[in-house]
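**Q** Protein chains in written order, with my numbering: chain A, 1 to 200; chain B, 1 to 787.
Because the hints were derived from the structure by calculation, they are not lab data.
Glycine included, each C-beta is placed from N, C-alpha and C at the ideal position.
Heads up, a few of these hints could be off.
[As the list claims (entries may be wrong)] Just the calculated beta-carbon pair ranges, DEER-fashion: (1) A:Glu-189 - B:Arg-123: 35 to 41 angstroms; (2) A:Glu-134 - B:Glu-490: 56 to 62 angstroms; (3) A:Pro-61 - B:Arg-123: 29 to 35 angstroms; (4) B:Asp-504 - A:Thr-98: 40 to 46 angstroms; (5) A:Glu-134 - B:Asp-82: 29 to 35 angstroms; (6) A:Ser-132 - B:Glu-490: 55 to 61 angstroms; (7) B:Ser-147 - A:Asp-184: 20 to 26 angstroms; (8) A:Pro-61 - B:Ala-526: 42 to 48 angstroms.
[Stated by the list, open to error] The calculated EDC-like cross-link candidates involving lysine to aspartate or glutamate, where the alpha carbons are at most 20 angstroms apart (straight line), are: (9) A:Lys-103 - B:Asp-82; (10) B:Lys-411 - B:Asp-215; (11) B:Lys-226 - B:Asp-215; (12) A:Lys-193 - A:Glu-44; (13) B:Lys-226 - B:Glu-237; (14) A:Lys-193 - A:Asp-59; (15) A:Lys-60 - B:Glu-148; (16) A:Lys-60 - A:Glu-189; (17) A:Lys-193 - A:Glu-69; (18) A:Lys-60 - A:Asp-184; (19) A:Lys-193 - A:Asp-147; (20) B:Lys-226 - B:Glu-95; (21) A:Lys-103 - B:Asp-551; (22) B:Lys-579 - B:Asp-129; (23) A:Lys-60 - B:Asp-151; (24) B:Lys-226 - B:Glu-206; (25) A:Lys-103 - B:Asp-197; (26) A:Lys-60 - B:Glu-152; (27) B:Lys-403 - B:Glu-730; (28) B:Lys-579 - B:Asp-568; (29) A:Lys-60 - B:Asp-551; (30) A:Lys-103 - A:Glu-86; (31) A:Lys-103 - B:Glu-148; (32) A:Lys-60 - A:Asp-186; (33) B:Lys-578 - B:Glu-206; (34) B:Lys-578 - B:Asp-520; (35) A:Lys-103 - B:Glu-237.
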Amino acid sequence: MPTLMLAIAMLLLTGSAAGAELDEADSMAWDLAVLSQALAGNAEHAVAFIETRHSGLLDKPIIITGELEYQPPDTLVRRILTPRPETFIIDDQHVTITRPRQKDRYLPLATAGALRGLATALRGILSGDLASLENTFAINLSGRADDWQLQLYPSEAELREEIIRLRIQGQQGRLSSFTLFEPDGDRAEVIVKAISDDAQ
Amino acid sequence: MVIGLRLSSKLSVMTPNRQLPLGVFALALTIAIAVLLIRGQVSTDMSGFLPAGNTLEQQFLLEGLRQGPAARVLLLGITGGDQPARIAASRALSEQLRSSGMFIRVENGLSPDLIGPDSLLLRYRYLLDPRPAAQLYSVASLRQALSERLDELVSYGGQLAEQQLRGDPTAAMQTLLGSFVRGGSSADVDEVWQSADQQTALLLLETRASGTDLDAQENNLQLISKTFAALNPGVLELQMTGAPMFAVASRSTITSDVRWLSIAATLLLAALLLVVFRSPLLLLLMTVPLGSGVLAGTAAVILLFGEIHGIALAFGITLLGVAIDYPIHLYSHVSAGQVADSARRIWPTLRLSVLTTAVGYSVLLLTEFPGLAQLGVFNLTGLIAAAVVTRWVLPAIPYRPRKLHGLGGFKRLAAIRLRPGPALLVCLAGTLLLVSGWWLRDHHNSFWDDSLAAISPLDSSLLAVDRSLRQASGASEVGQALIISAATPEQVLQSMEHIAPSLDALVAEGILQGYQLASDWLPSQASQQARQQALPHPDELLRRLSLASNDLGIRTAALQPFIQSIGDSRELPPLTLKKLQDSPLAVRLSPLLQPARQAWRGVIPLTGLADAERLRSRLAALSETAVSYVDQRATTEDMLTEFRRSALQQLAWGALVIILILLLALRSGRAIFQVALPIALALLATLAGLRLLDISLSLFNLIALLLVAGIGIDYALFFARSSRLKNDLETSARTLQSITVSALSSLIVFGLLAQSSIPVLHMLGVTVALGVACSFLLTFIGSRASV
Numbered sequence: 001m002p003t004l005m006l007a008i009a010m011l012l013l014t015g016s017a018a019g020a021e022l023d024e025a026d027s028m029a030w031d032l033a034v035l036s037q038a039l040a041g042n043a044e045h046a047v048a049f050i051e052t053r054h055s056g057l058l059d060k061p062i063i064i065t066g067e068l069e070y071q072p073p074d075t076l077v078r079r080i081l082t083p084r085p086e087t088f089i090i091d092d093q094h095v096t097i098t099r100p101r102q103k104d105r106y107l108p109l110a111t112a113g114a115l116r117g118l119a120t121a122l123r124g125i126l127s128g129d130l131a132s133l134e135n136t137f138a139i140n141l142s143g144r145a146d147d148w149q150l151q152l153y154p155s156e157a158e159l160r161e162e163i164i165r166l167r168i169q170g171q172q173g174r175l176s177s178f179t180l181f182e183p184d185g186d187r188a189e190v191i192v193k194a195i196s197d198d199a200q
Numbered sequence: 001m002v003i004g005l006r007l008s009s010k011l012s013v014m015t016p017n018r019q020l021p022l023g024v025f026a027l028a029l030t031i032a033i034a035v036l037l038i039r040g041q042v043s044t045d046m047s048g049f050l051p052a053g054n055t056l057e058q059q060f061l062l063e064g065l066r067q068g069p070a071a072r073v074l075l076l077g078i079t080g081g082d083q084p085a086r087i088a089a090s091r092a093l094s095e096q097l098r099s100s101g102m103f104i105r106v107e108n109g110l111s112p113d114l115i116g117p118d119s120l121l122l123r124y125r126y127l128l129d130p131r132p133a134a135q136l137y138s139v140a141s142l143r144q145a146l147s148e149r150l151d152e153l154v155s156y157g158g159q160l161a162e163q164q165l166r167g168d169p170t171a172a173m174q175t176l177l178g179s180f181v182r183g184g185s186s187a188d189v190d191e192v193w194q195s196a197d198q199q200t201a202l203l204l205l206e207t208r209a210s211g212t213d214l215d216a217q218e219n220n221l222q223l224i225s226k227t228f229a230a231l232n233p234g235v236l237e238l239q240m241t242g243a244p245m246f247a248v249a250s251r252s253t254i255t256s257d258v259r260w261l262s263i264a265a266t267l268l269l270a271a272l273l274l275v276v277f278r279s280p281l282l283l284l285l286m287t288v289p290l291g292s293g294v295l296a297g298t299a300a301v302i303l304l305f306g307e308i309h310g311i312a313l314a315f316g317i318t319l320l321g322v323a324i325d326y327p328i329h330l331y332s333h334v335s336a337g338q339v340a341d342s343a344r345r346i347w348p349t350l351r352l353s354v355l356t357t358a359v360g361y362s363v364l365l366l367t368e369f370p371g372l373a374q375l376g377v378f379n380l381t382g383l384i385a386a387a388v389v390t391r392w393v394l395p396a397i398p399y400r401p402r403k404l405h406g407l408g409g410f411k412r413l414a415a416i417r418l419r420p421g422p423a424l425l426v427c428l429a430g431t432l433l434l435v436s437g438w439w440l441r442d443h444h445n446s447f448w449d450d451s452l453a454a455i456s457p458l459d460s461s462l463l464a465v466d467r468s469l470r471q472a473s474g475a476s477e478v479g480q481a482l483i484i485s486a487a488t489p490e491q492v493l494q495s496m497e498h499i500a501p502s503l504d505a506l507v508a509e510g511i512l513q514g515y516q517l518a519s520d521w522l523p524s525q526a527s528q529q530a531r532q533q534a535l536p537h538p539d540e541l542l543r544r545l546s547l548a549s550n551d552l553g554i555r556t557a558a559l560q561p562f563i564q565s566i567g568d569s570r571e572l573p574p575l576t577l578k579k580l581q582d583s584p585l586a587v588r589l590s591p592l593l594q595p596a597r598q599a600w601r602g603v604i605p606l607t608g609l610a611d612a613e614r615l616r617s618r619l620a621a622l623s624e625t626a627v628s629y630v631d632q633r634a635t636t637e638d639m640l641t642e643f644r645r646s647a648l649q650q651l652a653w654g655a656l657v658i659i660l661i662l663l664l665a666l667r668s669g670r671a672i673f674q675v676a677l678p679i680a681l682a683l684l685a686t687l688a689g690l691r692l693l694d695i696s697l698s699l700f701n702l703i704a705l706l707l708v709a710g711i712g713i714d715y716a717l718f719f720a721r722s723s724r725l726k727n728d729l730e731t732s733a734r735t736l737q738s739i740t741v742s743a744l745s746s747l748i749v750f751g752l753l754a755q756s757s758i759p760v761l762h763m764l765g766v767t768v769a770l771g772v773a774c775s776f777l778l779t780f781i782g783s784r785a786s787v
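Okay, chain A solo, but in the shape it has when bound (with noise of 0.2 angstroms):
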């Protein structure tokens, strides 16, 4: 059985054409498992981001934009290029945030709220070990290969405060965009591309 699954994972990275003709039908093998084999073989850690916050607090959208590196095992680092430059490391415990000519802070992640919950979804992501998020967030995909879609409910009462709900898409082994949902009904969409596609 595993090895089935692992040919058609293969089959999944190497070629799309193939992927387009498995149906809904065969939603059996198109499963965490699989994806997370995906997400794993992608090597590429970092990617840029476009954000687009909608709060109830706003007239209009906040737009910030910056990258978003996976640095095994455990830190995830959010650098903000605009509309003012800061950087976020996020490792298991604590974040740490750099400004310009400022003195870094240091905080514990469990009183950074949002932050936390995304950092843990986003590691789990971008290091393809969804296993690890069955903690934190109960887990729904569906889609197809070159299409999925991912929902993480938190499980914790405490980060529902935070966060209700997040939907992640993406093709393959890559990570396209997510959407953030908080309870009062505010909400981000993130947009990922490649930084190499940024660069070009």
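Could you slot chain B onto chain A? The hints should help.
**A** The following block gives chain B in isolation, referenced to the frame of chain A:
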């Protein structure tokens, strides 16, 4: 007990003149025990040994030493490693200690108690916010605040940043917490309380057990150490300080020392007395006078003072040690097996010895130090009781001691006669030699040591940890402080607010590094009301907010929680000390604002004061406030100096009285010379010997010298007696023998005491052992120089 049983079985065969003293003794014993059982209370309050405290500064200091709320507070510091590790350890440790249930409070920063939705701080934030309210709510300031919150929303996103923008855009909470977590410095707000240099993570604990429950406190300390060790701290280190720590540490040093010392002393003393008197029963009888003296002394002190101080009891028993000599004299002088005869014969000498010593000690009654006065009463009563028991009770016990052997050597010694001139010369020369050694020696230590450390049983490393942790926390470090005294907490807080600008100016000029002010955490009601009045009406605030958020893209309607809070704050009754009694704020405030004798006292701890004079003159300019500057160390030392001077003065009077009594009793200037001069020389020689060892003298050396004087009087009088009996060589030799046994027993006990690791006991041991040796030698020579 044994004696009591024996007494009742022998009662039938006793003659009436035997029954009477024993009956009286039994009655007195019963009364003394009853007093102890009914009213016996030992206080351990160190301040009983300090004067009543005449100045404000002294009162403040004494309160600090007494059992207050501070007696339950522990300060912990985590050092070493890197900052993330320290912070993580602080969190884990406080989490586990909180769940242990042994602590009323575990403060390591921002606990839910402090900042949660129900916290006083949150509710009162707009009345406590120290920034000037008039500017804070202007359109320009509001705009600035809103755009800062917007930036945070960009950075962090999430509910926290949104809540902040909605409910507290002026960041009143953050401002308050900044001063709370960091003790006033303006660094970034972290969640964990750290020293200003961020090298130490700090925790403040209040134990559930009372400060006097030392078993519980010891368990608490072990729990903390074990919990910390279980966290796998690696290179991290935990430091602890606080009153419970000190109490437990001194108890464990004292108990372990006292245990082995008393076991060793008892064994050696028993061995010596057994060798000399060869009777276990006699050994038991010899403890009766000392035991009776301790009982009588304790009962007398309790009747007079209502309680006895632990230190007075300990020193009292030490000083009463001279009473072990009385039965030695008694039983050494038994010749034909008649104890009663011996008692009658030695009584004139013993009586004089006891009287002079007791009177000498009784000058202590005249001091203003309650502890010393207790010591005086204890010894006056105890010595007399021991003597009376030796004279009348011991002879009434039907016991025949064996005849003593080994008198030959003492007979030869008894026959020695010296010519007064050369003898005096030898004594003077010996003493002078010691004194000149004292003068010539290169002293590292000063003559008097009046520091608290000199009388504390604590290890100096504990005190060093205490100093560094207190410095790190910026909290009531024993050092310099300003004291404000007023009738109500409100007045104290107003005074603090009044002098705050002057202190800020001193900080700006670099004369002062920092200070802590209770009014920063709890502003006076007056200033809370002033801030309240400066809060805009909700309608007006809405108008200003819409102007301020004009082009920021913030919807004014979303700011409703903020407008609501400001509206609520306008109606709040001001926060008072009483209201925050059960909040975490109370622990922090208690050292800074405390009740004191029907009044209130504010304490402003100062750090890094460079120029006390400048501070004084600056404060003097603010004439309306009663503020005084206290250097706690200097004040303590002043008090101890005063104490020591007073004790010295009393001792001088005591010496005079002793000489007068001797003069009356001996009725001969020559005899006085023979008795008093050797004692004086012995004391001088002891003093010189101590200085030769480069020992600084403290109060306790004085008390030890007092004992030396008592012992010296005893030796001198009995030596003189032996010397007078030149026709009865046998009795003369017995007297010599009894003094020698006494001196040996004192040397054993105090020589052992000198081995103690507790500075006070060590000092006492060295002084008395040295004093006994000098007294023995000099009074012997003096007595032989008579004819």
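**Q** Hints first: check each against the structure and report whether it holds.
**A** For each hint, the structure was consulted:
For the hinted restraint 35 to 41 angstroms between Glu-189 (chain A) and Arg-123 (chain B), the CB-CB distance of approximately 37 angstroms keeps it satisfied. A hinted range of 56 to 62 angstroms holds for the C-beta pair Glu-134 (chain A) and Glu-490 (chain B), which are about 58 angstroms apart. Separation of Pro-61 (chain A) from Arg-123 (chain B) is about 34 angstroms and conforms to the stated range, judged on CB atoms against 29 to 35 angstroms. Against the hinted window of 40 to 46 angstroms, the Cβ-Cβ separation of Asp-504 (chain B) and Thr-98 (chain A) comes to about 32 angstroms, which falls outside the hint.
Between Glu-134 (chain A) and Asp-82 (chain B) the Cβ separation comes to about 32 angstroms, which falls inside the hinted range of 29 to 35 angstroms. In this structure the hint that Ser-132 (chain A) and Glu-490 (chain B) lie 55 to 61 angstroms apart at CB holds, the actual value being about 57 angstroms. The supplied range of 20 to 26 angstroms is met by Ser-147 (chain B) and Asp-184 (chain A), whose beta-carbon atoms lie about 22 angstroms from each other. At about 47 angstroms, the CB distance of Pro-61 (chain A) to Ala-526 (chain B) agrees with the hint of 42 to 48 angstroms.
For the suggested pair Lys-103 (chain A) and Asp-82 (chain B), the alpha carbons sit about 16 angstroms apart, so the restraint of at most 20 angstroms is met. This hinted pair does not check out: Lys-411 (chain B) and Asp-215 (chain B) have alpha carbons roughly 56 angstroms apart, beyond 20 angstroms. In summary, the hint linking Lys-226 (chain B) to Asp-215 (chain B) is supported, as the alpha carbons are separated by about 16 angstroms, within the 20 angstroms threshold. Simply put, Lys-193 (chain A) and Glu-44 (chain A) have alpha-carbon atoms about 11 angstroms apart, close enough for the 20 angstroms limit, and the pair holds.
Between Lys-226 (chain B) and Glu-237 (chain B) the alpha-carbon distance is near 13 angstroms, which keeps this suggested pair within the 20 angstroms criterion. With a C-alpha separation of about 27 angstroms, the suggested pairing of Lys-193 (chain A) with Asp-59 (chain A) is violated against the 20 angstroms cut-off. Restraint check: the Cα-Cα separation between Lys-60 (chain A) and Glu-148 (chain B) comes to about 17 angstroms, which is no more than 20 angstroms; the hinted pair holds. For the proposed pair Lys-60 (chain A) and Glu-189 (chain A), the alpha carbon gap of about 14 angstroms is at most 20 angstroms, so the pair holds.
Restraint check: the Cα-Cα separation between Lys-193 (chain A) and Glu-69 (chain A) comes to about 12 angstroms, which is no more than 20 angstroms; the hinted pair holds. Between Lys-60 (chain A) and Asp-184 (chain A) the alpha-carbon distance is near 16 angstroms, which keeps this suggested pair within the 20 angstroms criterion. Taken as a hint, the Lys-193 (chain A) and Asp-147 (chain A) pair is honoured in the structure, with Cα atoms around 15 angstroms apart against an allowance of 20 angstroms. At most 20 angstroms may separate the alpha-carbon atoms for a hinted pair to count; Lys-226 (chain B) and Glu-95 (chain B) meet this at roughly 14 angstroms.
Between Lys-103 (chain A) and Asp-551 (chain B) the alpha-carbon distance is near 30 angstroms, which puts this suggested pair outside the 20 angstroms criterion. Pair hint Lys-579 (chain B) plus Asp-129 (chain B) holds up; C-alpha atoms about 18 angstroms apart against a cutoff of 20 angstroms. For the hint linking Lys-60 (chain A) to Asp-151 (chain B), the alpha-carbon distance of about 15 angstroms falls within 20 angstroms, and the restraint holds. With a C-alpha separation of about 18 angstroms, the suggested pair Lys-226 (chain B) and Glu-206 (chain B) falls inside the 20 angstroms cut-off, and the hint holds.
Taking the CA atoms of Lys-103 (chain A) and Asp-197 (chain B), the gap is about 13 angstroms. The hint holds against a cut of 20 angstroms. Between Lys-60 (chain A) and Glu-152 (chain B) the CA atoms are separated by roughly 16 angstroms; this keeps the pair inside 20 angstroms, and the hint holds. The straight-line distance between the Cα atoms of Lys-403 (chain B) and Glu-730 (chain B) is roughly 12 angstroms, inside the 20 angstroms bound, and the hint therefore holds. Using a Cα cut-off of 20 angstroms, the hinted pair Lys-579 (chain B) and Asp-568 (chain B) holds, with the two alpha carbons roughly 18 angstroms apart.
The straight-line distance between the Cα atoms of Lys-60 (chain A) and Asp-551 (chain B) is roughly 11 angstroms, inside the 20 angstroms bound, and the hint therefore holds. Our distance criterion of 20 angstroms between C-alpha atoms is met by Lys-103 (chain A) and Glu-86 (chain A), whose separation comes to about 12 angstroms. Under the criterion of a C-alpha separation no larger than 20 angstroms, the hint pairing Lys-103 (chain A) with Glu-148 (chain B) is consistent with the structure, at around 17 angstroms. Restraint check: the Cα-Cα separation between Lys-60 (chain A) and Asp-186 (chain A) comes to about 12 angstroms, which is no more than 20 angstroms; the hinted pair holds.
As the CA atoms of Lys-578 (chain B) and Glu-206 (chain B) are separated by approximately 19 angstroms, the hinted pair is consistent with the 20 angstroms bound. Straight-line distance between C-alpha atoms of Lys-578 (chain B) and Asp-520 (chain B) comes to about 17 angstroms, which keeps the hinted pair within the 20 angstroms bound. For the hint linking Lys-103 (chain A) to Glu-237 (chain B), the alpha-carbon distance of about 26 angstroms lies beyond 20 angstroms, and the restraint is violated.
Checked against the numbered hints above, the structure violates hints 4, 10, 14, 21, 35; every other hint is satisfied.
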